[in-house]
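Protein chains in written order, with the UniProt record's numbering: chain Y, 1 to 193; chain F, 1 to 455.
Please keep in mind that the hints were generated in silico from the structure rather than gathered at the bench. Even for Gly, the Cβ is constructed at its ideal location relative to N, Cα and C. Warning: the hint list may mix true and false statements.
Within a straight-line C-alpha distance of at most 20 Å, the following computed EDC-like cross-link-like pairs (lysine to aspartate or glutamate) qualify [said to hold, decoys possible]:
1) F:LYS409 with F:ASP380
2) Y:LYS14 with F:GLU67
3) F:LYS189 with Y:GLU156
4) F:LYS169 with Y:GLU175
5) F:LYS227 with Y:ASP29
6) Y:LYS88 with F:GLU67
7) F:LYS72 with Y:ASP97
8) Y:LYS140 with Y:GLU89
9) F:LYS22 with Y:ASP59
10) Y:LYS14 with F:ASP294
11) F:LYS184 with Y:ASP59
12) Y:LYS14 with F:GLU288
13) Y:LYS70 with Y:ASP53
14) F:LYS243 with Y:ASP22
15) F:LYS420 with F:GLU445
16) F:LYS184 with Y:GLU96
17) Y:LYS70 with Y:GLU60
18) Y:LYS8 with F:GLU288
19) F:LYS243 with Y:GLU156
20) F:LYS379 with F:GLU438
21) F:LYS189 with Y:ASP97
22) F:LYS275 with Y:GLU156
Quick look at which bits of chain F chain Y covers, simulated, 3 or more residues with Cβ under 8 Å [claimed, not checked]:
23) 37-48
24) 164-177
25) 316-326
26) 339-348
27) 360-369
28) 382-388
29) 403-409
Per the computed footprint, the stretches of chain Y lying under chain F, defined by three or more beta-carbons under 8 Å from a beta-carbon of chain F, are [unchecked claim]:
30) 64-74
31) 107-114
32) 130-136
33) 154-163
Chain residues, written in single-letter form:
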Amino acid sequence: MSRESILKAVKANKPETLSLPDIDLSVFDEDINLIERFKENIEFVGGRLLELDGLATLDEEIKTLYPEAKKIVSCMKESALGTVPVSKETDPHTLEDIDLTIIKGNFAVAENGAVWVSEDDMVVRALPFITNDLILVVPKNAVNLHMHQIFDAISERERTFGTFISGPSKTADIEQCLVVGAHGAISLTVVLF
Amino acid sequence: MAHAEAAAKFNENEAKVNWHDKALWFVRQKRDKQAHKIQGWEQLRDYASALKANVLSNLDNYLVQFEENAKKNGVTVHWAANAEEHNKIIHSILQKHNAKKIVKSKSMLTEECHLNPFLEANDIEVIDTDLGERIVQLAKEPPSHIVLPAIHKTKEEVDELFQEHLGTKPSGGNPEYLTREARKHLRNKFLQADAAITGVNFAVADTGGFVVCTNEGNADMGAHLAKVHIACMGMEKLIPQEKHLGIFLRLLARSATGQPITTYSSYFNKPEEGKEMHIIIVDNGRTEQLSREDFRRSLHCIRCGACMNTCPIYRRSGGHSYDATIPGPIGSILSPGKDLTKHSSLPFASTLCGSCSDVCPVKINIHEQLYKWRQIIVKDVPQPTVKKNIMKAAGSILAKPKTYDFVGKSTRFMLKHTPKSLINSKINTWGHARDLPEVKGDNFEEWYKKRQKNE
Chain Y
1 MSRESILKAV
11 KANKPETLSL
21 PDIDLSVFDE
31 DINLIERFKE
41 NIEFVGGRLL
51 ELDGLATLDE
61 EIKTLYPEAK
71 KIVSCMKESA
81 LGTVPVSKET
91 DPHTLEDIDL
101 TIIKGNFAVA
111 ENGAVWVSED
121 DMVVRALPFI
131 TNDLILVVPK
141 NAVNLHMHQI
151 FDAISERERT
161 FGTFISGPSK
171 TADIEQCLVV
181 GAHGAISLTV
191 VLF
Chain F
1 MAHAEAAAKF
11 NENEAKVNWH
21 DKALWFVRQK
31 RDKQAHKIQG
41 WEQLRDYASA
51 LKANVLSNLD
61 NYLVQFEENA
71 KKNGVTVHWA
81 ANAEEHNKII
91 HSILQKHNAK
101 KIVKSKSMLT
111 EECHLNPFLE
121 ANDIEVIDTD
131 LGERIVQLAK
141 EPPSHIVLPA
151 IHKTKEEVDE
161 LFQEHLGTKP
171 SGGNPEYLTR
181 EARKHLRNKF
191 LQADAAITGV
201 NFAVADTGGF
211 VVCTNEGNAD
221 MGAHLAKVHI
231 ACMGMEKLIP
241 QEKHLGIFLR
251 LLARSATGQP
261 ITTYSSYFNK
271 PEEGKEMHII
281 IVDNGRTEQL
291 SREDFRRSLH
301 CIRCGACMNT
311 CPIYRRSGGH
321 SYDATIPGPI
331 GSILSPGKDL
341 TKHSSLPFAS
351 TLCGSCSDVC
361 PVKINIHEQL
371 YKWRQIIVKD
381 VPQPTVKKNI
391 MKAAGSILAK
401 PKTYDFVGKS
411 TRFMLKHTPK
421 SLINSKINTW
431 GHARDLPEVK
441 GDNFEEWYKK
451 RQKNE
């Protein structure tokens, strides 16, 4: 292994130490309606926002949005629509024909329409990607202005795996024509309650 | 082939060049919109640049810290001095698992190391899963852009490729249909893969984790389905702390494609139970670039491609004309450091307008470095005789005001009275596609003097 020789070369070739910058986050402040901005961005990235007053009508709303969905995974107790149970032991290959997945998102980001989903909430890492359609359910008071706030908010978690999801899977690799649904979820609905 | 010759070839198809030019400029405009939409964009660039400068100045310690933390997380860390060692490490991991089918998400580093041909020669199937990369893989071509690998292909060309390799029906290049077919084709590959290879967008020293960004979800589909995940990173991908991801993730996609963030920004810290995660830290010329004071800032690069989208030369010459893993302005300051003779024409593939430096999210002084490479190249690499003599002649004329004045006058006289067919003859490359401007009677100095007198 070249570990030692690489480190030696770096040490010899690096410039004099430059200190870490003092980062003043107040320069990124914006006085805006967070929900409005989040909505604007989630639509910009091809997702859909559904605002609810509580979770009592969640299942009803989902059934209206996805009437065809048969194989459904629900990763939250507030939704009883799940027809396929999953656990940490589930082989992700068995999830390839899942129609719809419902997952709790802990935080949302107004500036880019992203939702942070932790491994605990998605249960199986492949799930939010392999499912045909995805629903992320986020409390309204968990919408933050920007990414700096999110990394602050998630700093105390157990670090295994987590992902920011902003909109459905997409590509523009054929003549720059945007096509939604490349490899991951073909549609994304974020429910704010 | 020198860049200018390859660019001339790309320019044979005028309609395609025009489309290429406009498509990339459109991406640049989307970038501007996103940049102006948030507070403190320039501050973000300043912080990102300062953070990367700090990383380079303390890189050995950050690398050790990263390795220590990654190991604590149950990740195996490997070190590769060069492309050959990188490829061998991957091969040995795959052999250990008897892995024969590999899916790979976008990684310019594995392009740089020519991993695919190496694995294929060892009877291992490696499938690029980013749609653009899959397209160029089927066409047996390298990517022509680091973010938009197939930007040089028309939809009709993709249609034909898919008919031949995926058995699709002729669709006249329907992007929706072709993408759906690619989804089916690649989903099978994901489900059958023995191992997944991904790149690394950012590696975090204080957590030992790393972030991979995609729009398609292909990195995640590969990594979460296969038993083994190998992540390949250039050593400059490190950032000091997790909270600094906030800065870089805000800059990356906005600069790259004008999206506020990529669809997926996945943060890997620990392997799943029963699975393996490997990280390969690669040097391959980076420590050498680190030693060059004038050029080390090129290692700030986060591979967004903004400099390509804005570059008037890149947009009109196409990525393949650079004949380098990383094309465009950033590639033109990275590549000469690897092979000065082979890439000696690249720093000249620029108008030095500085637009690349203006859009760079980590504030690399790209156009200044291009200029500096030129100073080195004209000394070290033999230049064409015509160019050399013209430069010499120009140098001596410009040094003497009287000669300059005389040559100016006689040139103006000649241009006025010589027939166009002679002026635009073969040796005047400018005249191949355009006329010279109309010649006025005076030079600037004379005009200015007359103007002063009139007042």
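Each hint, compared with the structure:
no.: 1; hint: F:LYS409 with F:ASP380; verdict: violated (36 Å)
no.: 2; hint: Y:LYS14 with F:GLU67; verdict: holds (19 Å)
no.: 3; hint: F:LYS189 with Y:GLU156; verdict: violated (37 Å)
no.: 4; hint: F:LYS169 with Y:GLU175; verdict: holds (19 Å)
no.: 5; hint: F:LYS227 with Y:ASP29; verdict: violated (43 Å)
no.: 6; hint: Y:LYS88 with F:GLU67; verdict: violated (27 Å)
no.: 7; hint: F:LYS72 with Y:ASP97; verdict: violated (36 Å)
no.: 8; hint: Y:LYS140 with Y:GLU89; verdict: violated (32 Å)
no.: 9; hint: F:LYS22 with Y:ASP59; verdict: violated (46 Å)
no.: 10; hint: Y:LYS14 with F:ASP294; verdict: holds (13 Å)
no.: 11; hint: F:LYS184 with Y:ASP59; verdict: violated (30 Å)
no.: 12; hint: Y:LYS14 with F:GLU288; verdict: holds (10 Å)
no.: 13; hint: Y:LYS70 with Y:ASP53; verdict: violated (26 Å)
no.: 14; hint: F:LYS243 with Y:ASP22; verdict: holds (13 Å)
no.: 15; hint: F:LYS420 with F:GLU445; verdict: violated (27 Å)
no.: 16; hint: F:LYS184 with Y:GLU96; verdict: holds (11 Å)
no.: 17; hint: Y:LYS70 with Y:GLU60; verdict: holds (15 Å)
no.: 18; hint: Y:LYS8 with F:GLU288; verdict: holds (12 Å)
no.: 19; hint: F:LYS243 with Y:GLU156; verdict: holds (12 Å)
no.: 20; hint: F:LYS379 with F:GLU438; verdict: violated (36 Å)
no.: 21; hint: F:LYS189 with Y:ASP97; verdict: holds (15 Å)
no.: 22; hint: F:LYS275 with Y:GLU156; verdict: violated (25 Å)
no.: 23; hint: 37-48; verdict: holds (count 7)
no.: 24; hint: 164-177; verdict: holds (count 3)
no.: 25; hint: 316-326; verdict: violated (count 0)
no.: 26; hint: 339-348; verdict: violated (count 0)
no.: 27; hint: 360-369; verdict: violated (count 0)
no.: 28; hint: 382-388; verdict: violated (count 0)
no.: 29; hint: 403-409; verdict: violated (count 0)
no.: 30; hint: 64-74; verdict: violated (count 0)
no.: 31; hint: 107-114; verdict: holds (count 5)
no.: 32; hint: 130-136; verdict: violated (count 1)
no.: 33; hint: 154-163; verdict: holds (count 6)
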